[in-house]
Each structure stands twice: as C-alpha cells, then as structure tokens.
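J.: Based on the sequences and whatever the hints tell you, model everything.
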Amino acid sequence: MGKPQKLLFTVLLILLGFLVYLEATKPLPVSWFPSYSKEDKIPLGTYILHENLKSKFSESFIEVNEPPFQFINSNPETQGTYVFINNTVIFDEEEAKELFAWTAKGNTLFLASKNYSNFLLDTLNLEINNIYLFDKFETQPLLTLVNKHLNPDKSFHINKSFTIPYFEEIDTSSQVVLGFSQAFEKEIKKESRKVNFLKIPFGEGELYLYNQPEIFTNFFLLEQENHIFTENVLSYINNESTIYWDNYYKTGKRINTSPLKVIFNNKSLKWAYYLILFGALLYILFEGKRKQRVIPVINPIKNKTLEYTQTIAGIYFDKKDNKAILNKLIRQLFDYVRVQLRLETNEADSRFIEELAIKTNTPKEEIKSLLNELRQLQNKEQITDKELISFHEKITQLKINRDGKP
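Number 273 in full-length UniProt numbering belongs to position 273 of the sequence shown; there are no gaps in the numbering.
Hints were generated in silico from the structure; no laboratory data involved.
Any given hint could turn out to be false.
To be verified - Cross-link-like lysine-lysine pairs, in silico, DSS-like; alpha carbons within 27 Å at most:
#1 Lys359 to Lys399
#2 Lys267 to Lys253
#3 Lys328 to Lys394
#4 Lys160 to Lys105
#5 Lys364 to Lys380
#6 Lys54 to Lys194
#7 Lys364 to Lys328
#8 Lys105 to Lys199
#9 Lys323 to Lys380
#10 Lys136 to Lys194
#11 Lys114 to Lys97
#12 Lys368 to Lys323
#13 Lys253 to Lys114
#14 Lys56 to Lys194
#15 Lys56 to Lys154
#16 Lys194 to Lys148
#17 Lys394 to Lys323
#18 Lys199 to Lys114
#19 Lys386 to Lys323
#20 Lys386 to Lys328
#21 Lys380 to Lys399
#22 Lys368 to Lys328
T.: Here's what the structure looks like:
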C-alpha cells in the first residue's frame, strides 16, 4: 500500500470513528410505543411491574409464553389468577370460551386492556366507549377507586394524553363497580365520572376488567406516588394464589426471526458489526489487489486485409486484365444487391429497377444508366482503365446513397 493510499485509509478511519462516536453518544428519542412487554424499559413497557411481582410472588409467579387456549389445555389442573395486560387483548371465540370455563372453576381472570373481543363483550353484556372533551384535543385520565379502604377520595392523574375507555351500561345485579375514570380538567366534577373497573362473578370464579392499562407501565409507576394506585388495583388479586403472567398477548412481544437480531438489538454490538463490515470493505479495496509482476501488454494481431487486397489488385493491374476486374465488380455488385438489399437479380426488369432505386435512394434514371453501362461493358472484349474506373465509381456512389459509406 502506497503513502497516498495509507493517508486516505487513515483519514477514512478517523472520519468513521468520529461518526460512530457521534451516533453512539446521541441521545435516543423517547419511544411511546405501547409495548407492555416485561423486557421493555421504555415508558409503556412493564419491566418495573414484572420485576416487582416476580420478586413478591417468587415461585408462585409463572410466566406463560403460549396462547391461553394451548396453555390451559396442556395444564388442565392449573389454578390461580391469569393476568393479561396490553393495549389490546382480543381472544377468539374458542379461546374466550376456554378462559370462561377455566374461570368458572374457581379461578380469577384479570384483564387490563383498552380493547376486548366482541364475543367477550357480548357474553358479559358490556359496551365500551371513550371519553372526549369538546374543547380540548388531549384527554388525560384521572382515576379513582370505590373501596373506602383504598383512598376513594384521592384521584390519580396520568400526566399525558391517552384515550379513556369506559363501560357504557352496568348491570349492578351481576357486576360490581370498583373504579372510575374521567378526563382531567381544572374543575373536577364527580358526575362526569365513568366506570372503568369491574368485577364480574363468573361461576365459582371472578373476572376483573380494567380499562386503563397505562397504570401498570414504567411511565406511571415512576411518577410520584402512583405506585400506590397500581397496588390498590392489584390488591383484588388473591395474594395466596398462583399468578400466571401472560407474555403472549403483548404488542411488544419479541419475535426472533434472524440470527443477527441479537446484534442489532444491542447498540454496541450493532456498531461493532458495522465497523467489521467497513473494515472488510477497505481491505478489499486496498489489499485485495493481486500482488504480482505487471502483465505485459500483448498487442492484437494487425489486420492486413487492406494490404492483401492491394496486393491482389496490383496483380490484376500488372496483367492489365481489366475484363477480369470488371467481372469481379459485377459479381460483387450482384452479391450486394442479393444479400444486403434482398432483391432477386435474375431479371433486370422495370420492377427490379424500381425496387433497387427505392432501396438505394437513387433515381431510376441512374439505375437504368448503370445497368445499360454494365451490359455494354460485358459485351466488349477490351475494357479501358477509364471505363473500369467510371463503372467502379458508379457502384461506389450507389452504396454511398444507401449506406452513407462505400
């Protein structure tokens, strides 16, 4: 590698290192993706809640990574509380029936979501709507609980705009209201509260529905005393039962489809990978050349067709056999007409003259003159140099008219 190449390589390497440093130290934008995954530490992940529940319940905390239908069928003796937390929990009909049957056996089903399947809502005779403020674009939830032992007069404010789902009509004979939600305003009015937390007895078990899953996220739990409200909501779960934490119905569920996913999910590994690729590219550019003696340039064989033609022509001229040269000119002319112009040369009639004139862009009179001269020269015993040259020039002009060159 020469000095200029080494200098260029060094400059590129310094620039790349500087770009990597800038990219690595650039603060990442906050992601508000509604992940609800236990692995995510972003605002709407559930890393903090998951770690706390796992620590509190220890061996009674079991994570489920498969669909609930499959899990319950594989473990028919399962008993406890099945917890689903996500922005959307949509069970199909068969799965919902399986969960209802499992709940009716004396188990607890806890659903925290903004959207449920139509089958589930129809079965429970529920309808969901959202709270709107006509004078504002944003709606910040303000949450309360009913139980007098759980600070019913204290409201918890989510200091960010989220949709606020609530249950339209409640059958108080079979459904128990546990909590309310409303949009945060300067003047809080109790009459504007809407039901967002229900307990529904189901067979020998219980079903809980909570419509503001954001209270279980990292963002909410890190704000002041918000963790108290989350603890109060979860206090309805039996502490002595086994907790089954769902990892399947998660928007931010990890799906590993590529061997490189681990590398790209880690910032340091990702940039190390890019550096290796860039280094390999530089190596190919500067060191991938063959290191051997210079291959000598071999000039192509010189085309001596012209010399050969001049030699043959010289022989004919030396012999003064103009008649033989004429015959070759005539033969070449007819070959040209047949091969290049695709015309039959058997008869030089008016049709032939007209087609030849069209294809060579030559007036018919000149074509007739050329053919007449051809016949006259064929009938002569001796051909002068002047006649031969004149005939050759007319043939050349014919080709120039068509091809632009002789």
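J.: Against this structure, judge whether each hint is valid.
T.: To see whether the hints hold, each was checked on the structure:
no. : hint             : verdict
1   : Lys359 to Lys399 : holds, 10 Å
2   : Lys267 to Lys253 : holds, 19 Å
3   : Lys328 to Lys394 : holds, 15 Å
4   : Lys160 to Lys105 : violated, 40 Å
5   : Lys364 to Lys380 : holds, 25 Å
6   : Lys54 to Lys194  : violated, 32 Å
7   : Lys364 to Lys328 : holds, 24 Å
8   : Lys105 to Lys199 : holds, 16 Å
9   : Lys323 to Lys380 : holds, 9 Å
10  : Lys136 to Lys194 : holds, 18 Å
11  : Lys114 to Lys97  : holds, 20 Å
12  : Lys368 to Lys323 : holds, 21 Å
13  : Lys253 to Lys114 : holds, 18 Å
14  : Lys56 to Lys194  : violated, 32 Å
15  : Lys56 to Lys154  : holds, 26 Å
16  : Lys194 to Lys148 : holds, 18 Å
17  : Lys394 to Lys323 : holds, 17 Å
18  : Lys199 to Lys114 : holds, 16 Å
19  : Lys386 to Lys323 : holds, 13 Å
20  : Lys386 to Lys328 : holds, 17 Å
21  : Lys380 to Lys399 : holds, 25 Å
22  : Lys368 to Lys328 : holds, 20 Å
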